[in-house]
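Q: Starting from the known structure of chain X, arrange chain D on it as the hints suggest.
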Amino acid sequence: MRPVLKLAIKLAVLLISVPVIISLAVRFFPMHVLDGEYAAYYQNGEYARENGSYCRVLIMGDSTAKSALKPDLLTADAYNYAIGGACPIEEYYCLREYLEQHEAPEILFYMSAINTMSQQDAFWTRTMHFHRLRSEDIADMEKRLTAFEDLSALDVSNVEEFAQEAKLYQLYAPQKYSVVFLKSLLENLIGGSRYKQNRELYETVVENEGHMFFGTAESWDKINHKVPALSDFDDNGIAAYYFSELIKLCEENGIRFVFQSPPYNSSQKPAFHDSVIKKYLAYMDRVQKDCPDTTIHAEITWYEPECFGDPAHLNRSGLTRFTQVMKERYPEIFRS
Amino acid sequence: MEITSIQFFIMVGVSLLIYWQVPHRYQWMLLLADSLVFYFANAAWYTVIYVCISVGSTWAATRYFAQAGGDEAESQKKKNCVLAGTILLNVGILAVLKYANLAIHTFNFLGERFLHIRGISDVAWLAPLAISYYTLQLIAYTVDCAAGAEPFDNPLKLALYTIYFPLMTNGPICRRHDLGDRLFAEHRFAYDRVRFGLYRIGWGLFKKMVISNRMAVIVDQLWEQPDKATGLYVWISAVLFVLQLYTDFSGCIDIALGVSECFGIILPENFNAPFFARSVQEFWQRWHITLGAWLKEYVMFPLCRTNVFKRWSRKLKKKWGRSGQQIPYYVAMFVVWTLMGIWHGSSWKYVVGEGWLFWALIVLGQVLEPLTKKAKSLLHLQDSNPVFAAFQMVRTSLLFCAGNIAFRAVSLQDTFRRIAGGVRLRLGLGTVVHTIMDTVSFGGMGSQFGFLLMVLALLAVLVVDFLKYRGVNVREKLAACKWRWVLYYALVVLLYASLDIANQESLYAQF
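Keeping their order, the protein sequence lines are chains X and D.
Residue numbering for the first sequence follows this note's numbering, starting at 1 and increasing by one per position.
Residue numbering for the second sequence follows this note's numbering, starting at 1001 and increasing by one per position.
Isolated chain X (complex conformation):
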C-alpha cells in the first residue's frame, strides 16, 4: 500500500471513528452516557407515550413544579408531568404528545418560576440534548419560529440556524455529545456508574409519580449558591407565545388551566429585580384578562432558605409546608 494512502486511511479512521462511536453510544446506550436529569426526561417521555392511563390533575411546568408538587401527598389522581428547566415551548409539545395517547385531564396545574417563563436556558442543553422533542415537534417549531424576528432567546439568529443546530442534536453530532461521553467514560473508569445513577433516578421518579427532589431532600446543599440574576422579563417573546398556545390547547381539549407561582428562596431575592417582578405580574394579569376561564396565582411568595434543597427547589420540609398551602388554596383540585 502506498504510504500516502496508508496515512490517509489512518487519519480517516481516527477522525471518523470518534463521531461514529460517540453517536452510537448516545443513541443506543443513553442511560450509560447522558447525565444530570436525563433519567427524568426519559421517564417523562415514556409516560407521554404510555397508552391509556388517566389522571384527573396533570401537573406540568419546570423543576420548581417537579420538586414542589408530590402527587401522592396532594391527591390520588394526579401525576407530575413537569420537566426540569422546561419553558412553555417544551411544555406545549409535551402536552400535545400526551393528549395523543391519553384522555384529556380535567385540570392542568401549571407551575413555573419567572426565569423559565421568560428564558429558554435549558432548551438546547437539556430538552434537545436529551431528545425530548419529537422530529415532528421540531419541524412544527421551525414553522412557527418564522413569525419571530428575534430568536436570540434561543441563542440563534435565524430559523436556518435553529434548524441546523437542531439537526446536530438529532444526528447525535460529536460536538454536542463528546464532553458528556468523555465524562461518563472517566466516571466509569474511576469506579462510578452512570447507568446505575440514571437507573436509580428513573426508578425514584416512577415510584413518586413524576416527582423528584433537586439538590438535597433534607436541607440546602449550599453548593449551588445562587440562581442566575434575571435582568428582564420577556413578555412578548417565544415563551409568551407558547404559553398562550398551551392555554389554547387546554381550552380546545376542555381542560381547566391553573397557574400557580412557586415559592422562592428568600436568600435569592437580589436575583429578582423589582422591575422584572412588576413586568411579570403585569403580564400574568394580561393573561388572566385574555383567558378568563383560567385560574392564575402569580403572586411571589418567599420561603426561608431552610425550606430549600438548593437555591430554587423545595426540600422535604418545604414540600410539606407548600403541600398544605396548595391543599387549602385548591380544595376542589387537591381533594383527599
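If you are wondering where the hints come from, they were derived from the structure by calculation, not from laboratory data.
All values reported here derive from a predicted model rather than from experimental measurement.
Note that CB positions come from ideal geometry on N, CA and C, so glycine has one too.
Watch out, some of these pointers could steer you wrong.
With beta-carbon atoms standing in for the labels, derived distance ranges [what the hints assert, rightly or not]: (1) SER53(X) <-> ARG1484(D): 51 to 57 angstroms; (2) ASN1503(D) <-> LEU14(X): 47 to 53 angstroms; (3) LYS1482(D) <-> ALA12(X): 21 to 27 angstroms; (4) LYS248(X) <-> GLN1448(D): 38 to 44 angstroms; (5) SER157(X) <-> LEU1115(D): 43 to 49 angstroms; (6) ASN1503(D) <-> SER275(X): 31 to 37 angstroms.
Once the Cα atoms are required to be at most 27 angstroms apart in a straight line, the calculated DSSO-like pairs of lysine-lysine come out as [what the hints assert, rightly or not]: (7) LYS1157(D) <-> LYS1078(D); (8) LYS269(X) <-> LYS1228(D); (9) LYS10(X) <-> LYS1477(D).
Sample of chain X residues with no beta-carbon within 10 angstroms of chain D, all distances over it, derived [to be verified]: (10) MET31; (11) THR75; (12) MET128; (13) SER135; (14) ASP235.
A: Frame of chain X; chain D shown alone:
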C-alpha cells in the same frame, strides 16, 4: 477561511495530494495558488493592490541591486538611496493603512488640550491581510539583497514569499534564508515528516480550541466588568488573559508550522517555553522569537552601527566609563521597544504596555545587575537553586502579565485604571472566583466538566513546554510511544468536544 476552519484543512489536504504528485517546477505555483485563495477568502479583493505595490517595488529594487554590482562609492550611494526608498515606501503603506488613526488620536488629544482646535475624525481604511508580517519580511528581503543575497528570479516567487498562506494569520516572520530556498525546493511525500507535521497541527488545534477558546469566555467576562477590577481580580484577569494569548498565538503558530512542514517547508520557531524564562530579556527571546530577532537584526544592530551612535558611545565612555558607553545601547533598545509596541497595534497603550514597560524592566535589570549579584551572594543564592529558579520564572511571567494588561485593556487610561485598581489594598479573590464560577455554570463554557478539561489541557501544555525547555523532542517521543493511539483518540475527542465553543478569532490575526 480561518486557520482553524474545516475549509482551510480541506484546502490543505487537497493541495497536499496534488503537491506531492506534480512535477517540481509546478509545486511552488500550487503554493502560490493556495496563498491567493487564502488571501482572497480573508481580505477584500482590492487590498491586493497594496501587496502588488510592495512586491513590485521590492522586486524592482532587488533586481537593481543584483545588476548594479560593483563597490564603487557612487554605485553604493545609489544602492542606499534605492534601499531607503523601497523601505520607506513599504513602511509608508503600513503606516498609512494601520497607524493613521494613532496619528489622528494623538493629534486630536494634543490639539484639544493645548491648541483648543477641533479634532478630526478617524479613518477606516482596509489594510491587506497580514500587512504587519509581510512588510517586515519584505524589508528583511530588501536589506539582505542589498547586502548581497541573491534575489528571486521571478516576481511571482517574491509574491509567494510575501503571501505564503501558513504565515498569513500569525506569522512567524521569515527572512530570505529562512524561507527563500525551501519554498522552491522539490518536496515529495515523506511519511515521518508529514506525521510530525500532523502532530504539530493537532497540538496547535488542541491549544487553540480546547484551551484558548474556552479561556476567552472567562477572560471576556472578567474584563467586561471594570468596576470590579481591584486587588487580585486585576492580576488573575491578567494571568488568565496571558494564558489565553499564549495558547491562541502559539496554537495558531503550531498549526502554521505543521501545515508548512507537511509541504516540506520548515519554518522558524516562534516560541520556546516562554514561561520558563528567568528574566524579561530571556522571556522575549522565547516569546514571538521571529519578531524579536527581526527587530534586533534590522533595527537594533544597524542603529548601533551608525556613525552617530559610535561617536556618541565613544564620547560617553570617555566621560562616564563603561556605564556611560551603555547609554547609546539603551537608546537603541528604546527605539526597538517603541517599535515593538507600535507593531502590536495602533494605540499608545501598546507602546507603553508592550514596549516601554519591558524596555524599562530590561534596562533596570542590566543597571542593577551588580547589586543583584551582591544580594545573591549575601543570601547565598545560586542560579542553579531550583527554588530560586522557580521564583525567577514566576516573577518574570507575572511581569509579562502586567505588561499585557495594556494589550487587553480598552485604552491607555483603562490600563492605568486597572493597574491602579490592582495595587489597591483589597483582595478581590471572592469576586474573581464568583465571576469565573458563574461563567462556568451559566456562561458559554459548555459545562463545569468543560472547565476541568481546560485546566487539565493547560497543565498538559505546561508539561510539554517543560519537556521542551529540558531539550526533549516531544514529537519523537510520541512517535515511539506504544500508547500513542490512545493519545490520538483523546486529542480527537477533545477537539470534537470543543467544536461547540465559539471560535475566537486569533488575537494576533489582522495584524
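Q: None of the hints should be skipped; say for each whether it holds.
A: Checked hints:
no.: 1; hint: SER53(X) <-> ARG1484(D): 51 to 57 angstroms; verdict: holds (55 angstroms)
no.: 2; hint: ASN1503(D) <-> LEU14(X): 47 to 53 angstroms; verdict: violated (21 angstroms)
no.: 3; hint: LYS1482(D) <-> ALA12(X): 21 to 27 angstroms; verdict: holds (23 angstroms)
no.: 4; hint: LYS248(X) <-> GLN1448(D): 38 to 44 angstroms; verdict: holds (39 angstroms)
no.: 5; hint: SER157(X) <-> LEU1115(D): 43 to 49 angstroms; verdict: holds (47 angstroms)
no.: 6; hint: ASN1503(D) <-> SER275(X): 31 to 37 angstroms; verdict: holds (36 angstroms)
no.: 7; hint: LYS1157(D) <-> LYS1078(D); verdict: holds (25 angstroms)
no.: 8; hint: LYS269(X) <-> LYS1228(D); verdict: holds (21 angstroms)
no.: 9; hint: LYS10(X) <-> LYS1477(D); verdict: holds (19 angstroms)
no.: 10; hint: MET31; verdict: holds (18 angstroms)
no.: 11; hint: THR75; verdict: holds (36 angstroms)
no.: 12; hint: MET128; verdict: holds (12 angstroms)
no.: 13; hint: SER135; verdict: holds (22 angstroms)
no.: 14; hint: ASP235; verdict: holds (22 angstroms)
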